[in-house]
Amino acid sequence: MADTRLASTLSVENLTVQFGDNRVVEDLSFTVEAGRTLAVVGESGSGKSVTSMSIMRLAEMNGATYGGGRILFNGENGKIDLLAASQKEMRAIRGNEIAMIFQEPMTSLNPVFTVGNQIAESLMLHAGMTKSAALAEARRLLDMVRLPDSAELIKRYPHQLSGGMRQRVMIAMALACRPKLLIADEPTTALDVTIQAQILTIIRDLQKELGMAVIFITHDMGVVAEVANDVVVMWQGKKVEEGPVGQIFANPQHPYTQTLLGAVPRLGEMKGEDFPKRMPITVMENGTPRLVGAEHIQKTARYDSAPILSVRDLVTRFDIKKGLLGGVTHRVHAVEQVSFDIYRGETLALVGESGSGKSTIGRTIQQLQEATSGEITFDGKTFAAMSKAERQRLRQEIQYIFQDPFASLDPRKKIGFSIAEPIHTHRLMTSEKEITKRVDQLLERVGLTSAHRDRYPHEFSGGQRQRICIARALASNPKMIIADEALSALDVSIQAQIINLFMELQEEQGLAYLFISHDMAVVEKMSHRVAVLYLGQLAELGSRRQVLETPTHPYTQRLLSAVPVADPGHIRERAVLEGEIPSPIRRVGDEPAILTHREIAPGHIVADGMQQLA
Amino acid sequence: MAGFLIKRFLQAVFVVFVVTITVSFAIRLTGDPALMLTQGAGSVTEADLARIREALGLNQPFLVQYFQFIKGMFTLDFGRSFLGGTPVSGLLAQALPATLSLAFASMIVSIILSIPLGIKAAVSRGKWADQFIRILSLVGLSFPNFWLATMLVLLLSITFRLLPPSGMDNFASFIMPAATMGIILTATNVRLVRTAMLETLQSQYIMVARAKGLSENTVLYKHALRNCAIPLITYFGLQFGALLGGIVVIERVFNWPGLGTLAFDAVGGRDYPVLQAVITVLSLLIVGINLLVDIAYGLIDPRIRTE
Amino acid sequence: AGTMTISSPQDPGSWDPVDTFLVNWASVATNIYDGLTYRGPDTKLVPGLATSWDVLDDGKRIRFKLRTGVKFHDGEAFNADAVKFTFDRLMGEEGSKGPQKSNYAAIDSVEVIDENTVDFHLKQPDPVLLTKLAGYGAMIVPPKYIQEHGEDYFNTHPVGTGPFKFVSYEPKVGIKLEKFDDFWGDKAKIDNLNYRFISEPSTAVAELQAGRVDLVIPPTIPIGMIPTIKNDPNIDIVSSPSPTVYALRFNTKNGITKDAKVRQALIYGVDRQTIIDSILGGQASPIASFQGELSFGYDPAMKPLPYDPAKAKELLAEAGVKPGASVQIDIRGNDATFNEVVQAVASYLQIVGINATIKPYETNVLLNDIIPQGKTGAMFQQSWGGWTLDFDNTAYFMYHTGEKWNPYDSDPKMDELLESQRAITDPAKREEILRNIANYAADRALEMPLYNLNAIFGISHRVKNFTPVPDSRLRLNEVSVD
Amino acid sequence: MSAQTPSATSEIPAKPVRRGKRFARFRQLEFILGILLAGGMCLAVVFSGFLFPDGGEKIDLMARLTPPFTKAAHFLGTDPLGRDVLARVIIGGKISLVVGLISVAGAVVIGVVMGLIAGYYRGFWDVLVMRFADVQLALPFILLAITFIAIVGGGIANTIILLIVSQWVQYARLVRGLVLSLRDREFIQSARAIGVADSRILFSHLLPNLIGPVIVLMTLNVATNILLESSLTFLGLGVNPLIPSWGGMLADGRTYLQNAWWVSVFPGLAIMFTVLGLNLLGDWLRDSLDPTGKTSK
Ligand SMILES: Nc1ncnc2c1ncn2[C@@H]1O[C@H](COP(=O)(O)OP(=O)(O)OP(=O)(O)O)[C@@H](O)[C@H]1O
Ligand SMILES: Nc1ncnc2c1ncn2[C@@H]1O[C@H](COP(=O)(O)OP(=O)(O)OP(=O)(O)O)[C@@H](O)[C@H]1O
Ligand SMILES: [Mg+2]
Ligand SMILES: [Mg+2]
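Protein chains in written order, with our numbering: chain A, 1 to 614; chain B, 1 to 307; chain C, 1 to 482; chain D, 1 to 297.
None of these hints come from the bench; they were simulated from the model.
Check before you lean on any hint, since a few could be wrong.
[To be verified] Below, simulated DSS-like cross-link-like pairs (lysine-lysine); rule was C-alpha separation at most 30 Å, straight line:
| # | chain 1 | residue 1 | chain 2 | residue 2 |
| --- | --- | --- | --- | --- |
| 1 | C | K187 | C | K123 |
| 2 | C | K230 | D | K58 |
| 3 | C | K123 | C | K60 |
| 4 | D | K94 | C | K311 |
| 5 | C | K189 | C | K65 |
| 6 | C | K176 | C | K464 |
| 7 | A | K433 | A | K479 |
| 8 | A | K414 | A | K381 |
| 9 | D | K58 | C | K258 |
| 10 | C | K464 | C | K404 |
| 11 | A | K271 | A | K238 |
| 12 | C | K60 | C | K303 |
| 13 | A | K479 | A | K414 |
| 14 | C | K322 | D | K71 |
| 15 | A | K238 | A | K131 |
| 16 | D | K58 | C | K261 |
| 17 | A | K155 | B | K222 |
| 18 | C | K44 | C | K123 |
| 19 | A | K277 | A | K479 |
| 20 | D | K94 | C | K230 |
| 21 | D | K58 | C | K313 |
| 22 | B | K71 | C | K322 |
| 23 | A | K88 | B | K71 |
| 24 | C | K60 | C | K413 |
| 25 | A | K299 | A | K271 |
| 26 | C | K230 | C | K84 |
| 27 | B | K71 | A | K131 |
| 28 | C | K303 | C | K313 |
The task is simple: from the sequences and hints, build the whole structure.
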C-alpha cells in the first residue's frame with residue numbers, strides 16, 4: 001500500500017464531512033493514480049458528490065465542515081494536504097491541477113457568457129494567457145473534444161448547444177489547464193445512450209493523451225464496467241468495498257455491492273423470451289440483503305379484444321414565433337404521422353433519443369397537448385366525438401406518471417392530499433373516512449404505510465416519491481397508465497422494485513401501460529411490444545423480441561449498440577458516432593418527408609427511407 | 001424586429017390614449033379653471049366666466065377638446081398653460097430634463113448602494129451581516145421621504161452649511177434630493193438584490209466558476225450578478241417609472257423645477273393643457289423605459305436575444 | 001448696491017397685468033409697473049403716474065393729470081396714449097381672456113384730452129376705482145413695445161415704468177430684476193432683485209436660514225416656524241397687519257346652525273384670544289366682524305363676543321340643542337396653521353357639548369364646488385381679504401343674496417344695505433353704511449369671526465430699511481442690503 | 001419579452017434551505033422580536049381606549065410643546081396644541097394600522113386574483129390585466145390621489161380605496177410572473193392530467209406555492225401605505241385631522257422639527273417598530289408556510 005500511495009496523484013485519508021451534526025461522509029479513504037480511473041459507486045445520498053466537492057474544497061461553501069482526515073494531493077509544488085490549504089492556495093489548484101465535471105451538465109455553464117469566454121477564463125487565470133491566445137487555445141480544446149466548427153462555436157452561448165455538446169464543452173473546460181486529476185461526477189446520467197457513448201469515448205481518449213488520474217462517479221454499472229480500473233463502493237457515507245473493477249463485478253463481497261449488481265438490468269438478458277418476466281430481487285433490509293418475489297411470466301396482454309387505445313396518424317407541431325407580432329416562421333415537428341395500438345394488459349414501450357417526441361405523444365393522449373391532426377380512440381370512441389364530460393372522464397381512466405416524481409407533487413401539500421385528489425376530483429367517493437381508508441390502502445399497495453400520509457413530498461426518498469406518484473395514478477382506478485421515463489432517475493435497486501410493482505398491478509387489474517423510456521435494458525425487461533421513435537416518426541414497431549433481437553431499422557441498431565454493458569470483460573465495438581441529432585425544427589412550408597412503413601414480419605413494422613439517417 | 005416595434009408602438013398608443021383620456025376627463029370633473037382664474041375677483045358675472053372659458057377653449061364639448069389636444073401633440077404643440085399662457089412645450093422642455101436627471105441620479109445612488117449590500121447579505125445569509133443589512137433597510141422604509149429630506153436639509157444645509165437646501169443650480173444641488181430618493185429606493189432594492197442573488201448563488205454554474213479557481217469577487221460580480229440582472233433590471237425599470245410619478249414630494253421639498261412640480265401645480269390650478277402634456281410625457285417615458293428594459297434583456301441574456 | 005433674493009411661493013406664469021389675480025404677481029410686479037395712483041405700506045392713496053385727479057360728473061368721470069418725463073424701461077415715453085392703450089387693452093379683446101377685466105367693469109372709456117391729460121368715463125360711479133388703479137390690471141403698459149413684440153412676448157418679458165426692470169425669467173424657478181436708472185421717483189438702492197419661487201414653507205425657511213434668501217414673503221411662513229426663525233441670530237420675523245381675515249362661516253339654512261342663538265353660542269364657546277396668543281404666537285388680532293382694522297368700514301367700537309362657555313351652554317339649551325350634537329367643519333386641506341386652529345376650535349366646542357368633526361378639502365374643490373353649491377357642513381372655513389381693503393369687497397360677496405360665497409342666506413334688509421352703499425361716492429356716508437352692515441351681520445351671527453392674521457415676513461439681518469406691507473404689493477426701492 | 005415582470009421585492013421562495021443550528025435559533029428570535037414589536041404595538045393600539053380614555057384629544061394650549069421626559073403626565077412631551085404625544089402615538093396607530101392593513105389586504109386580494117387569472121389563462125385576460133397595469137403605472141400616484149380625492153372627497157374609506165386602486169397592480173404583476181413560472185411545472189400539469197378543476201388548481205395548488213413572495217411584499221407595503229397616508233396629509237389631502245394618525249403626525253410635526261423634534265420623531269419610531277415587527281413576522285410566516293426543508297412530526 002505504502003508505495004502506491006507515494007506514486008498516487010491523490011490520496012484521501014480518513015475523510016469525514018458533516019453538515020451540522022449530520023455526518024454524510026465518514027472515515028473515507030482511497031487513492032487514485034496517474035493514468036488510472038477510479039469509479040465511485042453507491043446509493044443515492046451516500047456522499048459521493050460531497051466527497052468530490054470536499055476534494056475541491058467547495059463543500060464548505062454549501063455549509064459543510066470537515067470532521068477530520070487528510071486529502072493529500074501530489075501537485076506541482078509537491079505533496080500538500082488540501083484540507084489544510086487556504087482558499088487562496090486552493091484557487092491556484094482548482095481548475096488548474098484538479099478539475100471537475102459537475103453532476104448536472106445542463107446547468108453547469110453560465111448562460112450569459114459565450115462558450116469561448118468561459119473556457120478562456122481558466123486559461124487566462126491559471127496559464128496567464130492573453131485573451132486572444134486563450135481563445136485560440138479554447139478552439140484547440142473544442143477540436144480535441146471533437147466538436148465541429150470550433151471557430152464558430154466559441155462565439156456561441158450555452159443555450160444554443162445541445163446537451164451533448166454542452167457536456168463536451170464542460171469537458172474541454174475541465175481539461176483546459178491539463179489537470180493532473182479530473183473528477184467527473186455522474187457526467188452522463190442525464191443524457192441518452194448515444195450521447196453518453198460519445199462522451200465516454202472522449203474522456204478515455206483524453207486520459208490516455210494527458211495521463212491524468214480520473215475519479216468517475218456514477219450509478220450506472222454499465223458505465224463502470226466500461227471505464228473504470230478500480231471501484232470504490234459507498235453506502236450510507238462509508239466505503240463498504242473497494243478493488244479492481246474485474247474483481248468487484250466478478251466477486252462482490254459486501255451485501256450492498258451484491259444487491260447493486262444483482263439489480264442491474266442487462267440488455268440481452270431476456271433473449272429468447274416471448275413475454276416479459278417478473279424477477280425476484282434482492283433488497284437491503286437492516287443491512288442484509290434479502291431476496292423478494294418470485295419469477296413470473298407476464299402473459300397479460302389481451303390481444304383477443306379490441307385495443308383500448310388506438311392512435312392514428314397523429315401529428316403534433318409547435319409553432320415558433322419570431323418577434324411578438326411576427327408570424328410563425330418555424331415549426332417544431334415533434335410528432336409526425338404516428339400510429340399504434342395498445343391492448344388491455346399490454347405494455348407498449350416507446351423509445352427513442354431525447355427530443356424524438358415521446359413525451360409529446362404521451363401528453364397528447366393525456367390531453368395536456370392539442371394534436372395538430374390525427375385521431376385518438378380510447379375504448380372505442382374517438383376524442384373528437386367525445387363531449388366535454390366524457391373527456392373529463394378520460395382523465396380518470398388514463399393516468400400519467402411524470403418523469404420527475406418530485407416535481408409532479410405539489411410541494412406544499414401532504415402526500416395524503418395529493419393521493420386523494422383524483423378521488424375528490426372525480427367524486428369517486430364522498431365520505432372523508434372512506435377516502436382516508438382508500439389512501440391508506442393505496443399507500444400499502446406501493447409499499448408505504450398510513451403513517452406516511454401526513455408528510456410532505458420532500459421528506460421522502462426518490463424511490464418513495466415515485467411510489468407515491470404511482471399510488472396517485474392508481475387512486476382513480478385507471479384503465480391505462482402513461483409512464484413517462486418514470487424510472488430513469490432512480491437507483492437501479494429501487495428501479496427494480498418499481499418494475500415489479502408495475503407488473504403486479506398489470507397482472508391484477510389488466511392495466512395497459514404506455515412506457516416511455518430511453519433505457520433499453522428496462523424496456524426489454526418489462527414491455528410486450530416496442531415502438532422506436534426517430535425525429536417524431538415511427539422507425540420501427542414490433543414485439544419486444546422482434547425489435548430487440550432483430551433490429552431492422554438502422555436507427556434501432558444504433559440505439560442498441562450504444563447501450564453500455566455492465567461487464568468489464570465485454571469489449572465493445574460500436575459504430576463511431578459523430579455529429580448531432582438532426583433537428584425537428586423546420587421552416588414553415590418545409591414539410592419533412594413522411595416515412596413509409598413495411599411489415600417485414602407479422603406485427604413487425606419498419607420504416608423505409610433509411611438514407612435519412614446518414 | 002418590425003413586429004416587435006409595431007407591437008411596442010401600439011402598446012404606447014394604447015397606454016397614452018387610455019391615460020390621457022382618463023386624466024383629461026377626470027380632471028374636468030374636479031372644477032372649472034375659469035372659476036379658479038377669477039378666484040380673487042369679487043364681481044365675477046356668468047358672462048365673465050363664459051368669456052374666459054371661451055378664451056381657454058373650454059366652451060367646446062369634451063371630445064372636441066380632447067381631439068384638439070391629440071392633434072396638437074403630433075406637432076409637439078401642447079397648447080398654452082391656462083396660468084399665464086406660457087407655451088406648454090417650453091415648460092416641458094425645462095421640467096423634463098430636471099426630473100429625468102434627478103431620477104437617474106437617484107437610481108444610480110440606489111444601485112450603487114443596494115448591489116454591494118444586497119450581495120453581501122446574500123453571501124452571508126442568516127449571519128449577522130445579513131440581519132443587520134436587512135434591518136437597516138427596514139429602517140429606511142420607516143420614514144417618509146419628506147421627513148428624511150427635511151432631516152438632511154437641517155443637517156447638511158443649516159447645521160453644517162455644506163449643501164444648498166433647495167433649487168437646481170449645480171452639482172451640489174443634486175446631492176441631497178438624489179440621496180433622499182436613493183436611500184429610500186435602496187431600502188427595497190437591497191431585499192430584491194439579496195433574493196435574486198440567493199437564487200443565483202445556488203446555481204450549478206456558480207460552483208463551476210468557483211471550481212475554476214476564480215476569485216470570489218469575479219464569481220459574485222461577474223458570473224452571479226449578470227445572471228440575476230434580468231429580474232433586477234425589470235424591477236429597476238418599473239421603479240424608474242414609479243419614481244417619475246412619485247417624485248412630486250421630493251421636488252416640492254427641494255424646490256426642484258421638474259415634472260412633478262409642474263403636474264402638481266397643474267392639478268391644483270386645473271391647468272388642463274399642462275396636466276395633459278405632463279401625463280402624456282410620463283406615459284411615453286414609461287413605455288420607453290419598458291422598451292429600454294427589453295433591449296437591455298437582450299444585451300444581458302443571450303437566451304432572450306435569439307428568441 | 002448689492003443683490004437681494006426673495007422667496008415667493010408661486011409663479012404666476014405671466015407678468016402681464018391683465019392675466020392674473022395672484023398676489024404673488026403683485027409682489028414682483030409692483031417693482032416693475034406703476035399705476036396712475038400709488039398706495040404704499042401705509043395704505044394711503046398718493047399720486048403715481050398721475051400727479052392729480054378730479055372726480056367729475058357725480059363720480060361718472062375722472063380726469064387725470066399725468067406725470068411728465070416718465071420713461072418705460074425700453075426707453076419709450078409714458079403719455080396719455082399709453083394710458084388709453086392700457087385701458088383699451090384691459091377692456092378689450094386681450095383683457096377679455098383674463099380675469100382682471102371684471103374688476104374694472106365700471107370703466108366705460110378712456111379719452112385722451114392732451115399729451116398729459118386723460119378722462120375716464122364711467123358707466124356708474126365706483127367708489128373703489130381710484131384704489132383699484134393702484135394695482136393689478138390697471139398697471140400702465142408700453143404700447144409700442146407690446147405692438148412690436150406681441151402679446152406672448154410681453155407675458156414673459158414685462159416692461160413698465162417702475163424702479164426695477166426685467167432681466168430674465170425662468171418659469172417655476174425665478175425672475176430677476178435690476179435697478180432702473182431712469183426711474184422717475186426714488187431710485188432703487190439695490191442693483192439686483194432676484195425672486196425665487198419656493199412653494200414649500202419649510203424649504204423657504206431653510207433657504208433663509210442658509211442665507212441664500214434674504215426675504216420670505218407671505219403667506220409662506222407657518223406660525224410653527226416662527227420660534228425657529230427668531231432663535232436664529234442672522235434672521236428675524238417682521239410683520240404687519242394684513243387684509244386677511246379668518247372666519248368659520250355658518251350654514252344658516254339647515255341644521256342646528258340655522259338658529260342664530262346656536263350660532264352665537266358657538267361663538268361664545270370658542271376662546272379666540274387664547275388661540276391667537278398660543279397657536280398663532282400673537283401674530284394675529286381678534287376681530288368682531290369679517291374685516292381687519294385696515295379695512296374701510298372697520299368699526300373700532302365693535303368688540304368681539306367674549307369667551308363665555310357658560311353663556312354658550314345656556315344659549316344652546318335655550319335653542320334646544322342637546323349636548324353631544326355634532327357639527328362638521330369644512331376646511332382647506334393645505335393650510336397647516338389653520339388646521340391647528342380649527343382643531344382647537346373643535347376642542348372648545350367639545351367643552352360646550354358640541355362634537356365637531358373636521359373635513360379637509362382640496363382648496364379648489366372647497367372654494368369652487370363645496371361652498372358655492374351649498375354642500376358644506378354646519379361650518380366652513382373662509383379666509384378672505386382683498387388688497388383694496390374695502391369692506392364692500394367682502395360684505396357684498398359674503399352677504400348679498402345669490403352671491404357665490406353666500407350659498408345659504410337671503411336677507412332683504414342686508415341686500416338693501418349692500419346695494420345702497422355702492423352708489424354713494426361720499427366716503428364718510430359709505431363708511432357709515434359699511435359699519436352698519438358689519439354690525440348687522442354680527443347681530444345675526446352670520447359667521448364666527450376668528451382673527452385678522454398678520455402678514456409675516458422672514459428677513460435676513462443684512463436687509464435694511466424694509467417696511468412690511470400688508471397686501472404683498474412690495475416695492476423695494478428704499479431697501480438696501482449689506 | 002415583457003412576460004416575466006417580477007414586481008416589487010419578489011422574494012422567490014428559496015430552495016430547500018439547509019440551515020445550520022445558529023440560523024434556526026435566529027429564526028426563533030425573528031419570531032419573538034416580530035411578535036414583541038408588531039404584536040405589542042397592535043395590543044397597545046387596541047387597548048388605547050383603556051390606556052387613554054380621553055383619546056389623546058385633550059387640548060391644553062398652555063402646555064403646548066412640552067419637551068419629552070420632563071413631566072410625568074406627558075412622558076413623550078406634547079404637540080403644538082398641548083396634546084400628549086404618547087397618547088396620540090398610541091391612538092394614532094389605529095388609523096395607520098387600519099389604513100395600512102386594510103388597503104394592503106384589499107390590494108392583495110384583487111391583485112392576486114387578477115394575477116392568477118392573467119398568468120394562468122394568458123391570452124385575452126393577460127393582455128387586459130397587463131395593459132391596465134401599464135396604464136396604472138403611467139398614472140403617478142400623487143396625481144391619481146389628487147384627482148381621486150378632488151372627485152370623491154377625502155376620508156379614511158376613500159384613502160383606503162385609493163391605495164387599493166393604485167396598488168393591486170403590483171401584486172397582479174408579481175403573481176402573474178410567479179404563475180407563469182409555476183404553471184408549466186409538473187405538479188400543476190399533473191393536477192390537470194388528473195382532471196382537477198381550474199379554480200381548484202388556482203387556489204389550492206398555485207396560490208399556496210406563490211404566497212411566500214406575496215407575503216414579503218405585503219409586509220413591506222403595510223409600511224409604504226402608512227407612509228403614503230402621510231404623503232397625502234403632507235399634500236393636504238389627508239383625513240380628519242382630529243383623528244390622529246402616525247403619518248399625519250409626522251407631516252404636521254415637520255414644521256416643528258427644529259424646535260420640537262419629539263412631535264414627529266416618536267410617531268416615526270412607532271412606524272419603524274411596527275414595520276420592523278411586521279417584516280420579521282412576514283419572513284417568519286413565509287418560512288413556516290413553506291414545508292420544504294422541514295420535517296413534520
Ligand atoms: N448543502 C447540504 N446541506 C446539508 N446536507 C447536504 C448538503 N449537500 C448534501 N447533503 C447531504 O449529504 C448527503 C450526501 O449527499 P451527496 O450529494 O454527496 O450524495 P450522492 O452520493 O452524490 O448522491 P446522488 O447519487 O444522488 O448524487 C445526502 O444525505 C445529502 O442530503
Ligand atoms: N411546448 C413546446 N413548444 C415548442 N417545442 C416543444 C414543446 N414541447 C416539446 N417541444 C419540442 O418537441 C420535440 C419533442 O419533444 P418531446 O418532449 O416529446 O421529446 P422526448 O422524446 O420526450 O425527449 P426527452 O427524452 O428529452 O424527454 C423537441 O424538439 C422539443 O423541443
Ligand atoms: Mg451526487
Ligand atoms: Mg420526454
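- Query: Broken hints, numbered, in rising order?
  - Reply: 1, 4, 8, 10, 11, 12, 14, 15, 20, 22, 23, 26 and 27
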